[in-house]
Amino acid sequence: MRRIDKRLTFWKMITTQSSQIRSNRELIIEAGRSERQYWKDLWNYRELFYFLAWRDILVRYKQTAIGIAWAILRPFLTMLVLTIIFGKLARFPSGSAPYPILVFAAMLPWQFFANSLTECSNSLIGNAGLISKVYFPRLVIPTSSVIVSFVDFLLSGVILLGLMAWYNFWPTWRVLVLPFLILISFGAAMGAGLWISAMNVKYRDFRYIVPFLVQFGLYISPVGFASSVVPEKWRLLYSINPMVGVIDGFRWALLSKDVVFYVPGFILSMSLVAFLFFGGIWYFRKTERTFADVI
Amino acid sequence: MSDTVIQADNIGKKYRIAHQTHRDYIALRDVITEKAKTLSRRFLTPLNNRKSNSPLEDFWALKNISFDIKQGECIGIIGHNGAGKSTLLKILSRITEPTTGRIRIKGLVGSLLEVGTGFHPELTGRENIFLNGAILGMSKSEIKKKFDEIVDFAEVEKFLDTPVKRFSSGMYVRLAFAIAAHLDMGILLVDEILAVGDLSFQEKCLGKMEDFSKGGRTVLFVSHNMTAIRSLCKNVYCLYKGQIVNSGPADEIASDYLKTQHAGLKDSSCIEERNHEAIKNLSFYFSRVEIQNTKGEPADIFKYDETLVMIVSLSGEPLLNTYGVSYHMYNNLGQLVSVGASGAYHNIYFNKNTKKIKIKIGPFNLTSGGYIISLLCWHGEGPTAILADNWEHACSFTIRESQPFRPGRDISFKEGTCIIQQSFSAAE
Chain A
13 MRRIDKRLTF WKMITTQSSQ IRSNRELIIE AGRSERQYWK DLWNYRELFY
63 FLAWRDILVR YKQTAIGIAW AILRPFLTML VLTIIFGKLA RFPSGSAPYP
113 ILVFAAMLPW QFFANSLTEC SNSLIGNAGL ISKVYFPRLV IPTSSVIVSF
163 VDFLLSGVIL LGLMAWYNFW PTWRVLVLPF LILISFGAAM GAGLWISAMN
213 VKYRDFRYIV PFLVQFGLYI SPVGFASSVV PEKWRLLYSI NPMVGVIDGF
263 RWALLSKDVV FYVPGFILSM SLVAFLFFGG IWYFRKTERT FADVI
Chain B
1151 MSDTVIQADN IGKKYRIAHQ THRDYIALRD VITEKAKTLS RRFLTPLNNR
1201 KSNSPLEDFW ALKNISFDIK QGECIGIIGH NGAGKSTLLK ILSRITEPTT
1251 GRIRIKGLVG SLLEVGTGFH PELTGRENIF LNGAILGMSK SEIKKKFDEI
1301 VDFAEVEKFL DTPVKRFSSG MYVRLAFAIA AHLDMGILLV DEILAVGDLS
1351 FQEKCLGKME DFSKGGRTVL FVSHNMTAIR SLCKNVYCLY KGQIVNSGPA
1401 DEIASDYLKT QHAGLKDSSC IEERNHEAIK NLSFYFSRVE IQNTKGEPAD
1451 IFKYDETLVM IVSLSGEPLL NTYGVSYHMY NNLGQLVSVG ASGAYHNIYF
1501 NKNTKKIKIK IGPFNLTSGG YIISLLCWHG EGPTAILADN WEHACSFTIR
1551 ESQPFRPGRD ISFKEGTCII QQSFSAAE
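Protein chains in written order, with my numbering: chain A, 13 to 307; chain B, 1151 to 1578.
The set of hints was computed from the structure by calculation and includes no laboratory data.
Incorrect hints may have been included.
Claimed, not checked - Distance condition first, Cα-Cα at most 25 Å in a straight line; then the derived BS3-like pairs of lysine-lysine:
| id | chain 1 | residue 1 | chain 2 | residue 2 |
| --- | --- | --- | --- | --- |
| 1 | A | K145 | B | K1294 |
| 2 | A | K74 | B | K1290 |
| 3 | A | K298 | B | K1164 |
| 4 | B | K1445 | B | K1505 |
| 5 | A | K214 | B | K1164 |
| 6 | B | K1315 | A | K74 |
| 7 | B | K1213 | A | K145 |
| 8 | A | K214 | B | K1505 |
| 9 | B | K1294 | A | K214 |
| 10 | B | K1505 | A | K298 |
Said to hold, decoys possible - Here are the computed distance ranges between Cβ atoms for each label pair:
| id | chain 1 | residue 1 | chain 2 | residue 2 | range |
| --- | --- | --- | --- | --- | --- |
| 11 | B | P1533 | A | G291 | 58 to 66 Å |
| 12 | A | K298 | B | P1533 | 34 to 42 Å |
| 13 | A | K298 | B | Y1165 | 17 to 25 Å |
| 14 | A | G291 | B | E1467 | 57 to 65 Å |
| 15 | B | R1276 | A | A102 | 25 to 33 Å |
| 16 | B | K1315 | A | L188 | 18 to 26 Å |
| 17 | B | S1488 | A | I40 | 32 to 40 Å |
| 18 | B | K1290 | A | V241 | 44 to 52 Å |
| 19 | B | K1315 | A | G174 | 30 to 38 Å |
| 20 | B | E1565 | A | R216 | 45 to 53 Å |
| 21 | B | I1421 | A | N134 | 33 to 41 Å |
| 22 | A | L54 | B | E1184 | 44 to 52 Å |
| 23 | B | K1430 | A | Q49 | 43 to 51 Å |
| 24 | B | K1290 | A | L173 | 55 to 63 Å |
Even for Gly, the Cβ is constructed at its ideal location relative to N, Cα and C.
Isolated chain A, as found in the complex (with noise of 0.2 Å):
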C-alpha cells in the first residue's frame, strides 16, 4: 500500500509541478497537414540539431587512444598512398603545384562527400530508437550527419594548410571563392546523404550499396589525379559525376593560374548537384512521414 502511495505522490509530482503553459500556439494534425508546419518545427527544434551534431562529434572519437587525431590521420595516410601510386608510379602531370597539394585540395570535398554519404546512410537506423518514441522534424538527423562529416573536413583543412606551409606553395586570390564551392559540395553532401538515408530506411539493401559507391567514387572522381588527364571528347560525359564539378572548383580555386576552368562541365555538375539536393529533400520529405512505421 505504501509503494504504491508513494509512486502516486511521484506521479503527483509530475503532473501538477509548476508549469507554465507556455506558449498558446494550436497544433492541428491530420493526413498530409504536417507540410505548414514543418519548416517552423525544423527552426523549433534547431538545438536538438545541435545536440545530436555535438553527441555523434562526441562519440566517434571516445575511447580512442589518439582521439580527434584520428580526423587528421586518415586523410593524410590516403593522400600518401594516392600521391604515390598516380604521382610517383604512374606520373601523371600535376601542373605547377606538387602532387600532394593537387590530391589533397580534391580529397577534401571528396572526403567530405563520402564521409557524408556513409554517416548518412546509417543515421536513420541508428536513430530508430528516437524516430519511433519522439517527435521531430527527420531531417534534423541527417543533416546533423552531415555536420559531423564537416566538422572533419575543416580538421584535414589544417592539413592542406600545412601542405601548403611545407611546400611554401600559397593560392592567389581565387581562394576567396571558397566559401562558395564548400556550400556547394555542401549541397551536394546533403542531397546525397537525403537520398540514401531515406531509401535505407524502406530498402536495407543500401547499405550494401553505399560502401561500394564510396569505394568506386574515389576512382571515378578526379582525387588521384587532375581531370585534365581525361581526353578532352569524354569531359562533359565525365563531369555528370556531380564531384567532378566541385573538386575541379576546389582546385581552381586552390592551385595556381594554370587549372583550367572547363565551364560545360561546372554547369552541368552544378544542376547535377542541385537536381540531388533539391530532389533529396523533396523524397526524404516524402517518405519521412512513415518512417516511424516503417523503421
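Chain A is already provided as a structure; the job is to place chain B on it using the hints.
Here is chain B on its own, set in the frame of chain A:
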C-alpha cells in the same frame, strides 16, 4: 475560447500488414521481382484483375476515435495489448500521422513513451542530461536552469562524468526519470512509465514534491495498472480493437474493464480449446483445458480459500519418453502470483502416452480479483528439458469473497496478492 486543449475528431490509422513475408523490412530485390512479376502478368494476362493475389492487407489500428480533453484533466487510456493505445499516443505526439481525421492541440506537447529515450551509453551523465532534455523538447537554457535540480533529484552527482554505460540500472532509470519529471509542458503523454523506479528513489520524490506548486497540466496516461489508473485519473477511455468502447469515470470503467478481461475475453467459459493458428507448428502441445471445483463441476469463480482443479489435455508426440508440465499464475495487474511445476517441485514426469493430466491448485488464500493461468509443457526431465509449448492465458478464473477475517470486508488486489493468517493482541 473554451478550455479544450485536445480535440480529436474521427481519427483513424491504417497499417498495411504483409501475410507472406516475415521480414520486418523490404529488400529492394523483392520490390524489383514483385514489380517484374506484376508487369509480366499484366502483359501475359491483360484481362486479369491486377490486385487479386496481393499479400498485403489493410489493418485499422485505430478507427473513429473522437474525444475532447479539457485543460488540467488527467485521462487514462486502457485496453488489451494491441487495442491501439500506444498508436493513439504516437499520433497525438506526431510520431506518426493519422490516416483519417483531425486533431487540434493547444499548447506544447511532451511525450514520455519510454524512459531514457536517446540516452547514449558512451556519453557521461552530464552530457546525457542535455541530450535527453533536448530530445524531450527542452531548450538549452531551460536545461541549464534545471540542471542542478535534475542531478539532485536523481542522486547521481558523483557519477556525472561517468559514461552511463557504467551506471547501475537503478541509476540509469533514476536519471532518466529525473529529466522526464522536469519536463515543463502543458500537455503530457505518458506510456506506462510508473512501472519502473526503485523504492528509495520514490521516497526522494516524496520529499521533493512539496516544493512544487499546483499547475493546470493536462495528462494522458496509458496503463495496464488499474490501481494507478483509478487513483490518478478522473476519466478513462477504454479501447478495444482500435475503437473507444467505453468511457466515463475511472472507477466505473476500470472495474468494467477488469470484468470483461477475465470473463468476456473468452465468453466466460470454463473450457478452453486451443485455436489452430497457435499450434500448427508444434509437435506436442496443449489442446484443451477445463477448470472445475473439487466436486468436479465446471467453475470459474472461487472463494479465497477454495481449491481449483484443472483438467489439461495434450496432443501430438513428445520428443522423449517423458514430459513435465508447469503453470504460471498471474493476477490482472500482470503480477506473477504463483508457479507450479511437476518436475522441478515434485519430481513427477508423465509417460509419453499419458495425454490427460489433472492439476490441483489450492487452497488458495488469494485476494479477490481476476487471475490468469499460463500452461507450459516440457520434453524430457530435469534441467535439460526442452520447452514444447507455452500456452499463454490458457484460462482464467475469479476470486470472490476474500473475507477471511471479517464478513463483508473484502480484501482485494490493492491490499496485496495473498492473504496470510494474522492476529493482533495487546502484548504483555
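Quick rundown of the hints versus the structure:
Proposed proximity of A/K145 and B/K1294 is supported: the alpha carbons are some 24 Å apart, at most 25 Å. Note on A/K74 and B/K1290: the hinted pairing holds, with a Cα-Cα distance of about 23 Å set against a maximum of 25 Å. Proposed proximity of A/K298 and B/K1164 is supported: the alpha carbons are some 18 Å apart, at most 25 Å. Between the alpha carbons of B/K1445 and B/K1505 the distance comes to roughly 22 Å, so the proposed pair stays at or under 25 Å and holds.
Our distance criterion of 25 Å between C-alpha atoms is met by A/K214 and B/K1164, whose separation comes to about 18 Å. Distance check on the hinted pair: B/K1315 and A/K74 sit about 13 Å apart at the alpha-carbon level, within 25 Å; holds. Between B/K1213 and A/K145, the direct Cα distance comes to roughly 22 Å. Compliance with the 25 Å bound is thereby established for this hinted pair. Simply put, A/K214 and B/K1505 have alpha-carbon atoms about 48 Å apart, too far for the 25 Å limit, and the pair is violated.
Distance check on the hinted pair: B/K1294 and A/K214 sit about 38 Å apart at the alpha-carbon level, beyond 25 Å; violated. Annotation: proposed proximity of B/K1505 to A/K298 is violated, straight-line Cα distance about 57 Å (limit 25 Å). Here the CB-CB span from B/P1533 to A/G291 is close to 60 Å, well matched to the stated 58 to 66 Å. For the hinted restraint 34 to 42 Å between A/K298 and B/P1533, the CB-CB distance of approximately 55 Å leaves it violated.
With their beta carbons about 19 Å apart, A/K298 and B/Y1165 fall inside the hinted range of 17 to 25 Å. For the hinted restraint 57 to 65 Å between A/G291 and B/E1467, the CB-CB distance of approximately 60 Å keeps it satisfied. In this structure, B/R1276 and A/A102 break the distance hint of 25 to 33 Å, their C-beta atoms being roughly 52 Å apart. Look at B/K1315 against A/L188: about 47 Å separates their beta carbons, and that is not inside 18 to 26 Å.
About 51 Å separates the C-beta atoms of B/S1488 and A/I40, a value inconsistent with the hinted range of 32 to 40 Å. At roughly 50 Å, the beta carbons of B/K1290 and A/V241 sit within the given window of 44 to 52 Å. Between B/K1315 and A/G174 the beta carbon distance is about 36 Å. The supplied range of 30 to 38 Å therefore holds. Remark: the range hint 45 to 53 Å for B/E1565 to A/R216 is upheld by a beta-carbon distance near 51 Å.
In this structure, B/I1421 and A/N134 break the distance hint of 33 to 41 Å, their C-beta atoms being roughly 52 Å apart. In this structure the supplied range 44 to 52 Å is violated for A/L54 paired with B/E1184, their Cβ-Cβ distance being about 35 Å. The supplied range of 43 to 51 Å is met by B/K1430 and A/Q49, whose beta-carbon atoms lie about 48 Å from each other. In this structure, B/K1290 and A/L173 break the distance hint of 55 to 63 Å, their C-beta atoms being roughly 32 Å apart.
Comparing the model with each numbered hint stated earlier shows that hints 8, 9, 10, 12, 15, 16, 17, 21, 22, 24 do not hold.
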